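Novice: Here are the chains, one letter per residue:
Protein chains: 2
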Amino acid sequence: MDQHQSETDTLRAIHLDQILLFGDSLTQWSFNPEIEGWGAFLSNSYVRKLDVVNRGFSGYNTEWCKHIIAPILRTVLPSPGAQIRLVTVFLGANDATLPFWPQQHVPLSAYRDNLHSIIASIRNFSSNTRILLITPPPIHEGKWQKHCGQKGRSINLSVSNTLQYRNACIEVAREAKVPLLDTWEVYFGEGATYNEEKADAVLSDGVHLANLGNRLLGHAVLAKILTEWPDLAPETLPTVMPLWDVLYGKVLPDALFP
Amino acid sequence: MDQHQSETDTLRAIHLDQILLFGDSLTQWSFNPEIEGWGAFLSNSYVRKLDVVNRGFSGYNTEWCKHIIAPILRTVLPSPGAQIRLVTVFLGANDATLPFWPQQHVPLSAYRDNLHSIIASIRNFSSNTRILLITPPPIHEGKWQKHCGQKGRSINLSVSNTLQYRNACIEVAREAKVPLLDTWEVYFGEGATYNEEKADAVLSDGVHLANLGNRLLGHAVLAKILTEWPDLAPETLPTVMPLWDVLYGKVLPDALFP
Chain U
1 MDQHQSETDT
11 LRAIHLDQIL
21 LFGDSLTQWS
31 FNPEIEGWGA
41 FLSNSYVRKL
51 DVVNRGFSGY
61 NTEWCKHIIA
71 PILRTVLPSP
81 GAQIRLVTVF
91 LGANDATLPF
101 WPQQHVPLSA
111 YRDNLHSIIA
121 SIRNFSSNTR
131 ILLITPPPIH
141 EGKWQKHCGQ
151 KGRSINLSVS
161 NTLQYRNACI
171 EVAREAKVPL
181 LDTWEVYFGE
191 GATYNEEKAD
201 AVLSDGVHLA
211 NLGNRLLGHA
221 VLAKILTEWP
231 DLAPETLPTV
241 MPLWDVLYGK
251 VLPDALFP
Chain F
1 MDQHQSETDT
11 LRAIHLDQIL
21 LFGDSLTQWS
31 FNPEIEGWGA
41 FLSNSYVRKL
51 DVVNRGFSGY
61 NTEWCKHIIA
71 PILRTVLPSP
81 GAQIRLVTVF
91 LGANDATLPF
101 WPQQHVPLSA
111 YRDNLHSIIA
121 SIRNFSSNTR
131 ILLITPPPIH
141 EGKWQKHCGQ
151 KGRSINLSVS
161 NTLQYRNACI
171 EVAREAKVPL
181 LDTWEVYFGE
191 GATYNEEKAD
201 AVLSDGVHLA
211 NLGNRLLGHA
221 VLAKILTEWP
231 DLAPETLPTV
241 MPLWDVLYGK
251 VLPDALFP
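Protein chains in written order, with UniProt numbering: chain U, 1 to 258; chain F, 1 to 258.
The hints are simulated quantities; they were obtained by calculation from the structure and are not laboratory data. One or more hints might be untrue.
Note that the list lumps identical chains together, so a pair holds whenever it fits in one copy or between two copies.
Straight-line C-alpha distance at most 20 Å; calculated SDA-like pairs for lysine to any residue [what the hints assert, rightly or not]:
hint, residue 1, residue 2
1, K250, P102
2, K151, D231
3, K177, D113
4, K151, W244
5, K49, S25
These numbers were taken from a predicted model, which means no experiment stands behind them.
Isolated chain U (complex conformation) (with noise of 0.2 Å):
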């Protein structure tokens, strides 16, 4: 590669900053189509502008992810000096099992102290990173216990628990001066009131997220993200690569890299 060449390189690079998308189930499987995941639909949303990346990991709770977080900020980013602009954690689903199920159960103090310091670590790793803390969703007794059934276990969540580490979430958020996105409030309205019915229709299993539950989420994080940091709306974003209809005579292939 000659000097002229390595010039050429560095003028032209194509990359994207990021939006990590940091969670357990609830965000790993937020590609599925099937159920309208709300990470796809963020990522359908930032096309061009932010890549969205995701880093879910199934069943994990705060205890094992506050160790996992550095460790992904610092190797998620394309070379050439990208920035991560925004994290959603999304945590407590799993550290809200209860006692008798310590496979994955984390005491509520725990909980907050390792949301701490999970918010530290991204901190510590940039300070210009934009937080999102979601608390963990409301779940439908019913339909778990259903589905602890066919397992051959006892259910091990309840409402009022996981409510308790939904109110610990804000909690943590309000103590941290971090946005926040309340579940609660986008599944049930002002006030955040269970209602058995709604929690009905917004999850699948009685945990994970139906149609419903996905749509509703991806908007409410979109629209939260309007609010507080409006910079990172996407019609105040560039446009990576110039739009196809001014392209029409010019000079290629510099009028791709004005």
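Once you have looked at the hints, place chain F on chain U.
Specialist: Chain F alone, transformed into the frame defined by chain U:
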């Protein structure tokens, strides 16, 4: 950062290799959950295996794309030595516009040359990167005529012309010894004979993919990968980070990085 920390970081890099989706609007909008985008389907199929990165540019033809593939390949990967395992090249839908529409039209011979150039760029970047060429899909003239009419334009595509570009794409694949997925075969079955009713069912505005078109394409791309490159089958590839149910009772954080 001391030496020990630095060594730990190296060991604890969490990055994924990539599948790069390169193309026009049929790729750009492939993560839209409302139309069950084929890109989102692939992304979901490879979650925790490979990152699926969208580099679709609406309206682009091969004349423009041949200049941007190399810079994209060089600047899409995360720093610590990840690989692009596969590139899908899905172009020609815009090249196939009729000559009276010079804004996007690319003559057939130039289309062929440009596809060869794009393939050469990928091979030049990495001899390990697999390439899947996808033919421009059939169109539906009635629907597209209506769409063009609403914009006050004459229809600028025809089934017979797009068929020539599809045939040229097949020839390029044969000449370059690159695996090919023929969308006409995906939508019309063996023999790939044009069928207006089926075209109607898989296309939204006569050019872009409706839900059925996306669903069939996503499954066909995955099936083609399984046939051509069994080592790229999602079930063959290792999952990033241990599954949650093996972590209970193990010493952290070491158990996360075996």
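Novice: Compare the structure with each hint and give your call.
Specialist: Hints, one by one, checked against the model:
1. K250 - P102: Close across copies (12 Å), not inside one copy (64 Å); limit 20 Å.
2. K151 - D231: Neither. Shortest intra-copy (47 Å) and inter-copy (32 Å) distances fail the 20 Å Cα cut-off.
3. K177 - D113: within (15 Å within a copy, 56 Å between copies)
4. K151 - W244: between (53 Å within a copy, 17 Å between copies)
5. K49 - S25: The answer is between: 15 Å across copies meets 20 Å, while 26 Å in one copy does not.
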